[in-house]
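Colleague: Just so you know, the sequences run in chain order D and A.
Per my numbering, the very first residue in the first sequence carries number 1; after that it's consecutive.
Per my numbering, the very first residue in the second sequence carries number 1; after that it's consecutive.
Since the hints were derived computationally from the structure, they do not count as laboratory data.
There may be inaccurate statements among the hints.
As the list claims (entries may be wrong) - Now the stretches of chain D that chain A is said to cover, found in silico as 3 or more residues with beta-carbon under 8 angstroms:
| hint | stretch |
| --- | --- |
| 1 | 15-22 |
| 2 | 44-50 |
| 3 | 65-76 |
| 4 | 80-88 |
Heads up, the beta-carbon is just placed ideally off N, CA and C, and yes, glycines get one too.
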Amino acid sequence: MSSYVVYVVGAGLLLVVGVHGALTARHLVRLILALNVMSGGVFLALIAISARGAGSAAGPDPVPQALVLTGIVVAVSITAFVLALARRIHALSGRTSLSEEDLE
Amino acid sequence: MTAGLLFDIALVVGLTIIAFRAIHAPDLFVGAVLYIVFGLLLALVWVRLNAPDLALAEAAIGAGITGAMLLDAVRQVGSPARRAPVLTRIGRVAPWAGAVGLGAVAAGALVTLEDRGGTLGEMVRGRVAESGVDHPVTAVLLVFRGYDTWLEVGVLLVAAIAVLGVRRTRVLVPSEPSSEAPPIATAAAGVLLPAGVLIGGFLLWTGSHAPGGAFQAAAVLAAMGILVSLLGRPPLASLSALRLRLLLVCGFTTFLAAGVVGLLVEDAFLRYPAAAAGWIITVIELAVTVSIAASLVLLFAGGRDRAADEAAG
Chain D
1 MSSYVVYVVG
11 AGLLLVVGVH
21 GALTARHLVR
31 LILALNVMSG
41 GVFLALIAIS
51 ARGAGSAAGP
61 DPVPQALVLT
71 GIVVAVSITA
81 FVLALARRIH
91 ALSGRTSLSE
101 EDLE
Chain A
1 MTAGLLFDIA
11 LVVGLTIIAF
21 RAIHAPDLFV
31 GAVLYIVFGL
41 LLALVWVRLN
51 APDLALAEAA
61 IGAGITGAML
71 LDAVRQVGSP
81 ARRAPVLTRI
91 GRVAPWAGAV
101 GLGAVAAGAL
111 VTLEDRGGTL
121 GEMVRGRVAE
131 SGVDHPVTAV
141 LLVFRGYDTW
151 LEVGVLLVAA
161 IAVLGVRRTR
171 VLVPSEPSSE
181 APPIATAAAG
191 VLLPAGVLIG
201 GFLLWTGSHA
211 PGGAFQAAAV
221 LAAMGILVSL
231 LGRPPLASLS
241 ALRLRLLLVC
251 GFTTFLAAGV
261 VGLLVEDAFL
271 RYPAAAAGWI
281 ITVIELAVTV
291 SIAASLVLLF
301 AGGRDRAADE
311 AAG
């Protein structure tokens with residue numbers, strides 16, 4: 001078993017936790033956390049692939065690293081926007097979830 | 001089994017457990033804190049996987065700024081969640097089945113993925129000398145895939161505009177103008193601010209030949225801005241709407257201008273003239289750093305403008 005296998009299995013596990021969270025969570029902040037965990041899994045898969053060629057003298061592949069760096073910044077933009085929306089929803093309606101059952 | 005591999009396994013197991021606990025923590029504040037721990041562990045993973053650029057960005061943006069946003073949002077919307085409704089057996093099992101199925105397919109595909117070599121990375125390494133910078137990740141970001149990075153700066157700009165739109169405001173208003181800053185935070189700011197500005201500048205400069213660059217530098221500078229925001233004075237609040245906009249768009253427009261120069265001189269968008277490439281990249285990075293830092297501060301401080309909440313509520 002190599003580090004590569006450990007980390008891509010880890011990427012799969014983060015995807016499982018994130019998707020399960022996105023399907024079951026109701027509170028908007030929990031949904032945002034689940035979304036971020038899912039993107040963490042995707043980033044992990046990309047960087048594990050980037051590091052796989054590290055045995056060679058050349059070092060890791062910089063292209064996936066640049067992609068993930070872009071991804072981290074996009075993720076924080078989305079998080080900030082969704083949090084602002086969640087706060088607005090809370091300020092206007094007092095609700096913290098979008099499911100119908102919580103409407104009462 | 002080597003110690004390194006054991007460490008990798010422990011790290012992955014820890015990441016997974018903390019991610020689950022962060023999403024499902026009964027208290028959202030605990031969830032936000034656990035998410036910060038998750039980001040720091042992820043930064044450790046990037047170090048293990050030979051990606052120091054990402055480790056810097058993850059610790060500063062993924063854990064730091066996202067964490068600060070979450071903690072601040074939880075203070076407002078973190079009302080004790082209603083008890084989760086009792087789910088039927090299918091309601092409990094189906095999400096797990098779907099998630100595990102998806103994760104297993106993804107992990108299976110990745111484990112069996114062949115390492116064929118001949119990657120883009122080798123091409124990048126072969127031609128990094130032509131780019132005008134020495135660090136391959138910076139070369140990809142600013143030169144080989146400059147188009148992606150330009151649009152990424154655009155995403156951040158759109159997010160900043162959207163947050164201002166949601167708040168229905170054009171300028172930042174200090175959220176708690178009368179509140180007194182806590183003495184410990186004030187003292188900490190006195191030590192951290194000069195160091196942070198220095199570190200940000202260093203990261204920007206070093207990005208041309210070593211891990212670091214515009215994003216990491218901007219994240220550190222933005223963290224300083226957030227620290228000042230927490231003391232009750234958002235650093236952008238004194239700016240007029242026009243100046244705030246200029247600060248936000250300067251990265252995007254400088255990048256665009258460099259692209260147009262490439263179009264006119266070299267006949268291709270974002271292709272820089274070889275003689276001036278190093279300088280053009282430095283100017284773009286400077287402008288992008290200013291814009292990203294301003295956008296990140298705005299994304300944090302713009303979201304926490306409580307006066308608007310009260311007016312709306």
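Colleague: So, for every hint listed, does it hold in this structure?
Modeller: How the hints compare with the structure:
no.: 1; hint: 15-22; in the structure: holds (count 7)
no.: 2; hint: 44-50; in the structure: holds (count 6)
no.: 3; hint: 65-76; in the structure: holds (count 11)
no.: 4; hint: 80-88; in the structure: holds (count 8)
Figure legend: structure checked against the earlier numbered hints; every hint is met.
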